[in-house]
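Chemist: In order, the protein sequences belong to chains A and B.
Going by numbering that gives the first Met the number 0, 81 is the number at position 82 of the first sequence; the sequence numbering is gapless.
Going by numbering that gives the first Met the number 0, 510 is the number at position 511 of the second sequence; the sequence numbering is gapless.
Hints may contain errors.
As the list claims (entries may be wrong) - Residues of chain B placed beyond 12 Å of chain A at every Cβ, according to the derived structure:
1. L191
2. G262
3. S338
4. M362
5. A395
6. D404
7. T455
8. S495
9. S566
Unchecked claim - The following label-pair restraints were derived from C-beta to C-beta distances:
10. K579/B <-> R108/A: 27 to 37 Å
11. I48/A <-> F215/B: 54 to 64 Å
12. E546/B <-> R213/A: 42 to 52 Å
13. W214/B <-> C189/A: 29 to 39 Å
To be clear, the hints were calculated from the coordinates, so they are not data collected in a lab.
Positions of the beta carbon are idealized from the N, C-alpha and C atoms, including for glycine.
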Amino acid sequence: MTHVTATANMMHPPVPAEPGSGVYSNKLGMWVFLASDVMFFTALIGSYIILRFGITDPWAAPGAVLNVPLTAFNTFLLICSSVSMVKAYAAIADGKKYFLRAVPGKLLRDGGLKFWMLVTIICGAMFVGVQVFEYIKLVGHGFTPAGFREGSTLAEHAATDAVRYGATTSGLYGSSFFTMTGFHGFHVTCGVVSMLYLYFTKVLPEKYSAQDYRGIETIGLYWHFVDLVWIILFTIVYLI
Amino acid sequence: MTSVAHAAPAHGGAHHAPMSFWRKYIFSTDHKIIGIQFLFVSLFFLLLGGVLAMQIRWQLGFPGQPLPGGGILPESMTSGGVILPEYYIQLVTMHGTFMVFFAIMPLLMGVYANFLIPLKIGTHDMAFPRLNMWSFWLAFTAGLIMLAGFFVPDGAPRAGWTMYAPLSARPDLSGVTYGQMLWCVSIVVLGLSSVLGSVNYITTVINHRAPGMTWFRLPLSVWALFITAILAVLALPVLQGAAIMLLFDQTIGTHFFDPLAGGQALLWQHLFWFFGHPEVYILILPAMGMVSDIIANGSRKPIFGYHSMVFAIVGIAFLGWLVWGHHMFMSGMNPTLGSTFMVSTLLISVPSAIKVFNWMGTMWRGNLRFTVPMLNAVGFVSMFTIGGLSGVFMAATPVDMHIHDTQFIVAHLHYVLFGGSLFALFAAIPYWYPKMFGRMMSERIGKVHFWLTFITYNLTFFPMHILGMGGQMRRLYDPTQYDFLKPQQPLNEFISIAAFALFAVQLLFLVNFLWSLKHGKKADQNPWQDNGLEWSLPSPAPHGNWERVPTVYRGPYEFSAPEAGDSDFLPQHVKLATDKEPAGRFER
Numbered sequence: 000m001t002h003v004t005a006t007a008n009m010m011h012p013p014v015p016a017e018p019g020s021g022v023y024s025n026k027l028g029m030w031v032f033l034a035s036d037v038m039f040f041t042a043l044i045g046s047y048i049i050l051r052f053g054i055t056d057p058w059a060a061p062g063a064v065l066n067v068p069l070t071a072f073n074t075f076l077l078i079c080s081s082v083s084m085v086k087a088y089a090a091i092a093d094g095k096k097y098f099l100r101a102v103p104g105k106l107l108r109d110g111g112l113k114f115w116m117l118v119t120i121i122c123g124a125m126f127v128g129v130q131v132f133e134y135i136k137l138v139g140h141g142f143t144p145a146g147f148r149e150g151s152t153l154a155e156h157a158a159t160d161a162v163r164y165g166a167t168t169s170g171l172y173g174s175s176f177f178t179m180t181g182f183h184g185f186h187v188t189c190g191v192v193s194m195l196y197l198y199f200t201k202v203l204p205e206k207y208s209a210q211d212y213r214g215i216e217t218i219g220l221y222w223h224f225v226d227l228v229w230i231i232l233f234t235i236v237y238l239i
Numbered sequence: 000m001t002s003v004a005h006a007a008p009a010h011g012g013a014h015h016a017p018m019s020f021w022r023k024y025i026f027s028t029d030h031k032i033i034g035i036q037f038l039f040v041s042l043f044f045l046l047l048g049g050v051l052a053m054q055i056r057w058q059l060g061f062p063g064q065p066l067p068g069g070g071i072l073p074e075s076m077t078s079g080g081v082i083l084p085e086y087y088i089q090l091v092t093m094h095g096t097f098m099v100f101f102a103i104m105p106l107l108m109g110v111y112a113n114f115l116i117p118l119k120i121g122t123h124d125m126a127f128p129r130l131n132m133w134s135f136w137l138a139f140t141a142g143l144i145m146l147a148g149f150f151v152p153d154g155a156p157r158a159g160w161t162m163y164a165p166l167s168a169r170p171d172l173s174g175v176t177y178g179q180m181l182w183c184v185s186i187v188v189l190g191l192s193s194v195l196g197s198v199n200y201i202t203t204v205i206n207h208r209a210p211g212m213t214w215f216r217l218p219l220s221v222w223a224l225f226i227t228a229i230l231a232v233l234a235l236p237v238l239q240g241a242a243i244m245l246l247f248d249q250t251i252g253t254h255f256f257d258p259l260a261g262g263q264a265l266l267w268q269h270l271f272w273f274f275g276h277p278e279v280y281i282l283i284l285p286a287m288g289m290v291s292d293i294i295a296n297g298s299r300k301p302i303f304g305y306h307s308m309v310f311a312i313v314g315i316a317f318l319g320w321l322v323w324g325h326h327m328f329m330s331g332m333n334p335t336l337g338s339t340f341m342v343s344t345l346l347i348s349v350p351s352a353i354k355v356f357n358w359m360g361t362m363w364r365g366n367l368r369f370t371v372p373m374l375n376a377v378g379f380v381s382m383f384t385i386g387g388l389s390g391v392f393m394a395a396t397p398v399d400m401h402i403h404d405t406q407f408i409v410a411h412l413h414y415v416l417f418g419g420s421l422f423a424l425f426a427a428i429p430y431w432y433p434k435m436f437g438r439m440m441s442e443r444i445g446k447v448h449f450w451l452t453f454i455t456y457n458l459t460f461f462p463m464h465i466l467g468m469g470g471q472m473r474r475l476y477d478p479t480q481y482d483f484l485k486p487q488q489p490l491n492e493f494i495s496i497a498a499f500a501l502f503a504v505q506l507l508f509l510v511n512f513l514w515s516l517k518h519g520k521k522a523d524q525n526p527w528q529d530n531g532l533e534w535s536l537p538s539p540a541p542h543g544n545w546e547r548v549p550t551v552y553r554g555p556y557e558f559s560a561p562e563a564g565d566s567d568f569l570p571q572h573v574k575l576a577t578d579k580e581p582a583g584r585f586e587r
């Protein structure tokens, strides 16, 4: 009844697999879908790299336009949600369907599937919320998909320090920033919606058990993938 | 008649509660019904694409003359019945778009991947039946969105089916606002449909094969569809990403493809063709796979070089990722890079030639049966060979400099898409028609259709090579506006007349297809005496396919095998005294 069992179960799914790959179809299908999603983000990220490094004009310095501390906090939130997803997976692998349960001799109560899934959903939803807030702030400062809006604060800054603010490349910056982070946000939203659906149809009615928790493992794969994409985006869009 | 219809499920169908019409035929999750839905919808788009092509041909053959019946078209398309240049480029754009994305691709992947994969690998349905239904309805929606382009202000997009930016990105250049946006939206939806469908096909083939159906006992059609699904899963998202960027350029003011604002027009070409070349193989590999099955059947011989056929499919699919630059030799790309793309492109002719020689080796000294599917399959091999060889010309950079963007390209792509994919479909549709509808298509009309198509098709497309070498541009509105093209105008007229005949002949196929639904000869369980698992089911195959999936004892091409005794075929599920049960535990 430790988490070691959960890791061992990852290798051998708790339900009999169809003849074939030895991995049940939902999980295999998700892996194939993620391969396709990799290609989707490759198209966006690849275009960003080509646009940014294919020109000689200066690009805005890190932190000049974007609010890095706020997004760092948001990144932390998303990583936390990945951790809680693993905790949810480990909980149900140990058969813990409950929300919280007191453990004798321990100060903190023990979280079950219902608790950790809720934490994941809340963290994911907060990530989207912070991103929407960030977008509103950026557009307010004059950073739009078309570049710096004329007469805005950012346009004024760019007029005084063209190099730091990448005055000539703001159009490309806006294009790629909003497209990449926007589609990532869309993926997170899809994940949150799917998890909410699972929460009410499967988690709360206690349909998952230590014998069958395929839905949690499958959505978990998606969730970790979306998290991974964000870490890449955060690095190449915000930090460099 | 009734006894047959009622007896069918008792033979093999899994028992299911009776379903309403809507659940059974409209929002169905049965892979066979979904395949048939795709069939009807994509045949409609095929016809529509053909109608557009006829208008293109009228303009090229008889520029400046009123289109017969052109009076019914609105002022924005024709003036006094004469096709306007703005409408002409829309015709070219939408003909390509409909044919590639809504006719050939769904006919091959939507119809036959859905219909054949579960039947041929021996399972009850796809791994994700509901996802499959979504895949169809998304494709249908995408088709409607694309069609809507004709009815919005300014009409359909005008940037060619390749949607080169910045023409496609800027309404002030193309003159079309909403049509261009609808194109992007439709492609994004269609891409999602293809990805969902392909996730399903891949998972099903890997996880749901019947006991004993090892990888190297899979029919080549399934191999081809499987590899194609992998291509689709990896290629379509790239197009989706590109279409989304293009849509944003058109709507929210991004500058991805606008050189004036620092964007790169070439970026679109790279993204489009990075998708576009694998797409070419998405459009041909399933055709190759199905033709392999039909040729082995029609030759009554095992397919020649089964393993090399499989590896050729894999090889073509792999090399297909490394060659996209050959569409861009004239784009100002670095010539050294061009040479690399030239070499990788020429390499593709090796696995392609392996396939052609294997088909010939299969037919060599076979006991040939020239049924309609076999005739069309042989037509496929010969036409694909011409199309493949003209591809070698274009792959060579120096030659391509001359023929790039001319009618030579049009000739080439129609030799592989019409002569290749469509002939394969003219083989596949009558071949699996009995398993879909329980009746045979007319053999006599089928043969007349084949020969007339074969002749008029070559009369239409072969002369285009000559036009192209003479310099006629690919999307030219009026060839007579250039003096150097005037001497070729009689050839243009000839092509147009042949094209009208070709279109008329296709009505034979349409009539045959629709008439046979009700009046065709009742089909036996195994009318072609084939070995595939689908023929162990009644015609039409019942819902759920088998009560209990069959066990497979051999590959699908055991024709004229000595063990079979008097029969010249040996189905995959028939157990001989010498056969062992496959090892392992299986769920059925």
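Chemist: All the hints need checking, so say for each whether the structure fits it.
Modeler: For each hint, the structure was consulted:
{"no.": "1", "hint": "L191", "in the structure": "10 Å, violated"}
{"no.": "2", "hint": "G262", "in the structure": "7 Å, violated"}
{"no.": "3", "hint": "S338", "in the structure": "22 Å, holds"}
{"no.": "4", "hint": "M362", "in the structure": "34 Å, holds"}
{"no.": "5", "hint": "A395", "in the structure": "28 Å, holds"}
{"no.": "6", "hint": "D404", "in the structure": "24 Å, holds"}
{"no.": "7", "hint": "T455", "in the structure": "40 Å, holds"}
{"no.": "8", "hint": "S495", "in the structure": "40 Å, holds"}
{"no.": "9", "hint": "S566", "in the structure": "29 Å, holds"}
{"no.": "10", "hint": "K579/B <-> R108/A: 27 to 37 Å", "in the structure": "57 Å, violated"}
{"no.": "11", "hint": "I48/A <-> F215/B: 54 to 64 Å", "in the structure": "41 Å, violated"}
{"no.": "12", "hint": "E546/B <-> R213/A: 42 to 52 Å", "in the structure": "26 Å, violated"}
{"no.": "13", "hint": "W214/B <-> C189/A: 29 to 39 Å", "in the structure": "34 Å, holds"}
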